[in-house]
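Peer 1: Given next are the chains, with one letter for each unit.
There are 2 protein chains.
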Amino acid sequence: MTQKKNIAIMGAGLVGSLLSLYLAKRGHKVDVYERRPDMRKTTLDGGRSINLALSDRGWRALRGIGIEEDVRKVAIPMHGRMMHDEQGGLTFQPYGKEGQSIYSVSRGGLNAALMNLSEPNEDITYHFNQQALDVNLRENQVQLRNTETEEIETIQPDLLFGADGAFSVVRGAMQKTERFNYSQSYLEYGYKELTIPAAPDGEWLLEKNALHIWPRGNYMMIALPNIDGSFTCTLFFPYEGERSFAAIKNDTDLLNFFLEVFPDAVPLMPDLAQDYFSNPIGALVTIKCFPWSHDGKSLLIGDACHAVVPFYGQGMNAGFEDIFVLDQMLEDFDGEDWNTLFKDFERRRKPNADAIADLAVMNFIEMRDKVADPRFLLQKKIEAKISEQYPDKWIPLYSMVTFTDFPYSYALETGQNQDSIMKKVMKHIQSIEDYNKPEVQQLLQEQLVHKEKLKRYAGETSEVKE
Amino acid sequence: MTQKKNIAIMGAGLVGSLLSLYLAKRGHKVDVYERRPDMRKTTLDGGRSINLALSDRGWRALRGIGIEEDVRKVAIPMHGRMMHDEQGGLTFQPYGKEGQSIYSVSRGGLNAALMNLSEPNEDITYHFNQQALDVNLRENQVQLRNTETEEIETIQPDLLFGADGAFSVVRGAMQKTERFNYSQSYLEYGYKELTIPAAPDGEWLLEKNALHIWPRGNYMMIALPNIDGSFTCTLFFPYEGERSFAAIKNDTDLLNFFLEVFPDAVPLMPDLAQDYFSNPIGALVTIKCFPWSHDGKSLLIGDACHAVVPFYGQGMNAGFEDIFVLDQMLEDFDGEDWNTLFKDFERRRKPNADAIADLAVMNFIEMRDKVADPRFLLQKKIEAKISEQYPDKWIPLYSMVTFTDFPYSYALETGQNQDSIMKKVMKHIQSIEDYNKPEVQQLLQEQLVHKEKLKRYAGETSEVKE
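These protein sequence lines are chains A and B, in that order. So that you can map any letter, position 186 of the first sequence is 185 in numbering that gives the first Met the number 0, and since no number is skipped, the others follow by simple counting. So that you can map any letter, position 56 of the second sequence is 55 in numbering that gives the first Met the number 0, and since no number is skipped, the others follow by simple counting.
FYI, nobody ran anything at the bench for these hints, they're computed from the structure. A couple of the hints might just be wrong.
What the hints assert, rightly or not - The calculated lysine-lysine pairs, modelled on DSS-like cross-linking and capped at a C-alpha distance of 30 Å, are:
1) B:K342 to A:K248
2) A:K452 to A:K426
3) B:K296 to A:K175
4) A:K422 to B:K450
5) B:K287 to A:K349
6) B:K379 to B:K452
7) B:K287 to A:K175
8) B:K342 to B:K3
9) A:K248 to B:K296
10) A:K450 to B:K422
Treat the numbers as computed from the prediction; the structure is a model and nothing was measured.
Given the sequences, and given the hints that come with them, work out the whole structure.
Peer 2: See below:
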């Protein structure tokens, strides 16, 4: 067993809160420092939380700490995408096989649940209203300002975890060290949160068990169900241009635009103008960096080292998987050499963090544009048939990312190979029936006969050497 | 003609100094602020200046301001690469066609020459020992500290140019603005400057008109001639590993290593150990960012917005080309809308800055590894023959970058296309004579018949739409 350490986690968000539980389980004493007030006692910031979609990687990490079932009770399964065209017509595309879903959860609700679960643990202490002013990586010291009392305190834990998100203060200190690789890359799109309230009887005004998409080429709106019957909508929209945030200046512009392109949504959005003009425009950033640790004393985790855009629904899932993988590594750790442990961790996770970052940007194009194309949807159906016929050799990319624990980097590479096969197959396909044509079956035989079986990782997420 | 502006340039390096001349030529009043003392009056920092290789883009910018001939007098033409193997055997590979060379120049000498040329201009004023403490982009104000007198001064120019290099303070201010894209990426290699002094009679101890390379797989040493008969050597070496900076701990380690891998250089380096242990290890960083300008009032230029690793010898040349292109744009500028001008400039230059950054990283592999491979050198010879036979359709990538003013992005793309043709050609090649085999000639015919002529840009560097 590993020696008991005093650990400080910066950030009491989803990743920081879950991490505290895993580290306490391993016998460590954990203090969690959060800049904001206790979210359970104050009103939440509105308008800046894209809904979360929990999928297999996230569930696995929740299961590992025994709270899967509690969260399932407040999570809404979404079996697929429901596309809304400009006439209000609907098309449904399942995410995976029968029984496979992603789950809409409330960020605030899940975060509060994690805090409630960890706070009674005598080895876990939360400290709210604690703003990190300065991080000294050499001494592993953090200077904290209590934003209520203005008291300044300096802590010096044995180990420091930066779970403080995309604008991480811990990473900020690492950025000043020598030869730190860093990039921040913004999309030329922002997002705006809007609402479809529940019906007066508390029911959902759109199909409840779906992720709704209004794909419109270079922009889109989505909607995810909440347990109170409402939907949280998010408009992803260019900052500049003919159709953009910049072009919508008043209620009339807004309404004309919505009536033209989202006509079926407008009657469901009584507070559209108020939501639109009071909610901020959120930016969409991808952050990559390396290394993630410093001198065996501090380690970044989650968004702090790999913030991604939200289009694959994997930001939280990837952060939770960080924790799960770290916990697996702690299983075999003798408690001595944290530097080597952190180096192994960052080397193992970095390719996967890069892969999901790139996949998330790629999926934006799929969601806002391709899902409106009948031919693309036909291709998805054909791919489902291939996967059904060759279950050991073919899993669609989306399913690998969402419903397996294959490393993201392996999923990306395998998905690209499958994509080049799909291109060949689709040359022979005009309708779903064409799947049974001899030339299609022949082609698949040729392409797949030498393909290795996909490897299940049975709970272990590790680098794949091919 | 454009209205006379008060312009501040941050940084009196190569780009800042040359830019002052171009802007003054356009009728503006220019103040140049430099953090360091006047380099002409103090000893230079030793040990951190990789020698510069001036090539066509750089010459063009010097010509535009009428100092080409002065600089030629102190520049040493290098006609090609001289490779040194582990037995001291030599192989020469010309850079281009007969008469095409790159030129070794002293960074300090060239910088001093540019200052000497600009300082007498009554519209240009240099201010040394001026450290920029803070840049307020909204007000276009810079707070400066005089490092000699400790006086603090705030300037507010009409236009602010950030020519302050890879660690630009002006860019630092832009990084704090919303949605600024930024990346810094370090190689896992550092560099160390070493010296081969002149012979007692002042002559060069190695071939004078060549860039010398000791390629050793994953590391290398290079040497460039100086006008005093010496060579400045640079060792590019991993930070960590079996053969690395970390592994060389004392004089014995150093000498054993050098005798084993650079045996012909050791007798020429009497101060090897002293140079090695007193000179710092330099880091090799690529910096990319976007945008380069803010609100039509400030603009980054040169390394400040596109620092590259030194392996293509294009860092200074690319910075000088920035100036040349900007000056061309000023030719047709009515002096009104600087915001649009700066936006056009950054949009035009950014793809080229990205391309040379990527090319520079790629060329490291060529220099340290491939040039030691006889088959690679044979391929270069074959490529020279193709270029000779099809001069309108084929220019080797190195030549496009070094000896033309084709946009870097066009050179990169064309080079990649040519590379895929070379792969096919080389399957038929065992010796230089095989170039005349019918199947090779036939293949080239097929590959090149539909290829468009390469476009000469006749002094204009612009984006190419293909």
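Peer 1: A separate judgement is required for each hint: does it hold in the structure or not?
Peer 2: Hints versus structure:
1. Between the alpha carbons of K342 (chain B) and K248 (chain A) the distance comes to roughly 24 Å, so the proposed pair stays at or under 30 Å and holds.
2. At most 30 Å may separate the alpha-carbon atoms for a hinted pair to count; K452 (chain A) and K426 (chain A) meet this at roughly 25 Å.
3. Annotation: proposed proximity of K296 (chain B) to K175 (chain A) holds, straight-line Cα distance about 28 Å (limit 30 Å).
4. In summary, the hint linking K422 (chain A) to K450 (chain B) is supported, as the alpha carbons are separated by about 27 Å, within the 30 Å threshold.
5. In summary, the hint linking K287 (chain B) to K349 (chain A) is supported, as the alpha carbons are separated by about 21 Å, within the 30 Å threshold.
6. Taking the CA atoms of K379 (chain B) and K452 (chain B), the gap is about 21 Å. The hint holds against a cut of 30 Å.
7. Using a Cα cut-off of 30 Å, the hinted pair K287 (chain B) and K175 (chain A) holds, with the two alpha carbons roughly 17 Å apart.
8. At most 30 Å may separate the alpha-carbon atoms for a hinted pair to count; K342 (chain B) and K3 (chain B) meet this at roughly 20 Å.
9. For the proposed pair K248 (chain A) and K296 (chain B), the alpha carbon gap of about 26 Å is at most 30 Å, so the pair holds.
10. Restraint check for K450 (chain A) and K422 (chain B): the C-alpha separation of about 27 Å stays at or below 30 Å, so the hint holds.
The structure meets every hint from the earlier list without exception.
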